[in-house]
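K.L.:
Now for the letters of each chain:
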Amino acid sequence: MKVLYFAWLRTRIGLGEEEVTPPAGIADVAGLIAWLKERSPGHQTAFADLRAVRVAVNQDHVGFDHPVAAGDEVAFFPPVTGG
Amino acid sequence: MKVLYFAWLRTRIGLGEEEVTPPAGIADVAGLIAWLKERSPGHQTAFADLRAVRVAVNQDHVGFDHPVAAGDEVAFFPPVTGG
Amino acid sequence: MIRVQREDFDVGVEVAAFSAGDAGVGAICTFVGLVRGGDGNGVTAMTLDHYPGMTERQMAAIESEARSRWPLSDVLVIHRFGRLEAGARIVLVATASAHREAAFQACQFLMDWLKTRAPFWKLEHTPGGDRWVEAKASDDALAERWDG
Amino acid sequence: MIRVQREDFDVGVEVAAFSAGDAGVGAICTFVGLVRGGDGNGVTAMTLDHYPGMTERQMAAIESEARSRWPLSDVLVIHRFGRLEAGARIVLVATASAHREAAFQACQFLMDWLKTRAPFWKLEHTPGGDRWVEAKASDDALAERWDG
Chain D
11 MKVLYFAWLR TRIGLGEEEV TPPAGIADVA GLIAWLKERS PGHQTAFADL
61 RAVRVAVNQD HVGFDHPVAA GDEVAFFPPV TGG
Chain W
11 MKVLYFAWLR TRIGLGEEEV TPPAGIADVA GLIAWLKERS PGHQTAFADL
61 RAVRVAVNQD HVGFDHPVAA GDEVAFFPPV TGG
Chain F
18 MIRVQREDFD VGVEVAAFSA GDAGVGAICT FVGLVRGGDG NGVTAMTLDH
68 YPGMTERQMA AIESEARSRW PLSDVLVIHR FGRLEAGARI VLVATASAHR
118 EAAFQACQFL MDWLKTRAPF WKLEHTPGGD RWVEAKASDD ALAERWDG
Chain S
18 MIRVQREDFD VGVEVAAFSA GDAGVGAICT FVGLVRGGDG NGVTAMTLDH
68 YPGMTERQMA AIESEARSRW PLSDVLVIHR FGRLEAGARI VLVATASAHR
118 EAAFQACQFL MDWLKTRAPF WKLEHTPGGD RWVEAKASDD ALAERWDG
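Residue numbers (the numbering used here), protein chains in the order written: chain D, 11 to 93; chain W, 11 to 93; chain F, 18 to 165; chain S, 18 to 165.
Just so you know, these hints were derived from the structure itself, not from any lab. All C-beta atoms in this analysis are idealised placements derived from N, C-alpha and C, irrespective of residue type, glycine included.
Just the calculated beta-carbon pair ranges, DEER-fashion:
id: 1; chain 1: S; residue 1: 77; chain 2: W; residue 2: 73; range: 50 to 58 Å
id: 2; chain 1: S; residue 1: 102; chain 2: F; residue 2: 102; range: 39 to 47 Å
id: 3; chain 1: F; residue 1: 37; chain 2: W; residue 2: 83; range: 33 to 41 Å
Computed list of lysine-lysine pairs in DSBU-like fashion (alpha-carbon distance at most 35 Å, straight line):
id: 4; chain 1: W; residue 1: 12; chain 2: F; residue 2: 153
id: 5; chain 1: S; residue 1: 153; chain 2: D; residue 2: 12
id: 6; chain 1: F; residue 1: 153; chain 2: W; residue 2: 47
id: 7; chain 1: W; residue 1: 47; chain 2: W; residue 2: 12
id: 8; chain 1: D; residue 1: 47; chain 2: D; residue 2: 12
Let the sequences and hints guide you as you build the complete structure.
P.N.:
What follows is the structure in structure tokens.
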């Protein structure tokens, strides 16, 4: 599973992309986040306030209850500020 | 008093501008129109339906009850269609 | 800034010069109106009649009104008159502001008021003859949304 | 048509090419967003982060949505990424339609949805350091007016 970070999530975590293999039992975005938070203090900080975090699975905006599976591309980022 | 006609009022009357000297007693736009209608069949036709006629006195949109006086520039035209 | 002219205008040149160097501008909205032709309406060209003098006065008043309603860094309105072929540009309105909603709203307002207050009249040329365009109730309705 | 690019764009060139030769077009609305600087906010430049791949997908989806809602002859959206100095162009949206209200509304809609759905993030550079721009509730409110 490919996980991407943008904007201040990338800054806090210290990388823009990582390849991860969550254990079986990690079935949705919320579960993935809980698991990712254990990887480093940076991850812990980035995911401290989930109200400020948005997620896309395979490049579509989704909610935290969206399923995730091996092979997915999961991206975390703050609310967008383009335009 | 200078009287101007635009768009189909000019076409019907057959001229774009005329210098007129209405008699004393012609005090407002409505009075002026009644007097102008007697000048030619073209004037009669142009002013036949006043719902389709707009007026400006000295280049400001006004109503038919607006006063007119010697020296004024009075313009008659249909509702505008620019832009 | 207001211009009434027979000549065409170059949107790129006008927009490039527009609000140039004003660091506070974050949003520029531009509207261009064109002579529609071809598709069944049979219009090959039109001639825009106008009221010289009053046109400039009304357009300046409309610009002032827009500037009093929205915080605009710059306003440009160019309106052509005379004979215009199908596809030709008729009018350009450009507004610059710090924020996009002011730029959008002021641009719409300027077009709505131009359509209903500036003394221009369109004579359409078709193979079957000429006809004066009639004012549209829908334009009055759009202009009225800015009232009160 | 959608473009995501690091390079600047020329509004005049883009608008000249836009909907050229379409006789049914009577109205073109254009919006340009710029990096505001100078006036007290201390922003000297910004860097636009984006999500390559998803950006194009989202922008194409937003264009499709606009075309399904309004009768548009043409749509152009150009959004830049990377470092942009104060005064630089960020985004261009252009819409062409037979009638002005469709062109205006679609252009506003495209900007509102880009602001709230396209994966771009602004990092402002100031003499005091860098800061990520926070999403504005006012942008959400503007986007929500197109719901339902």
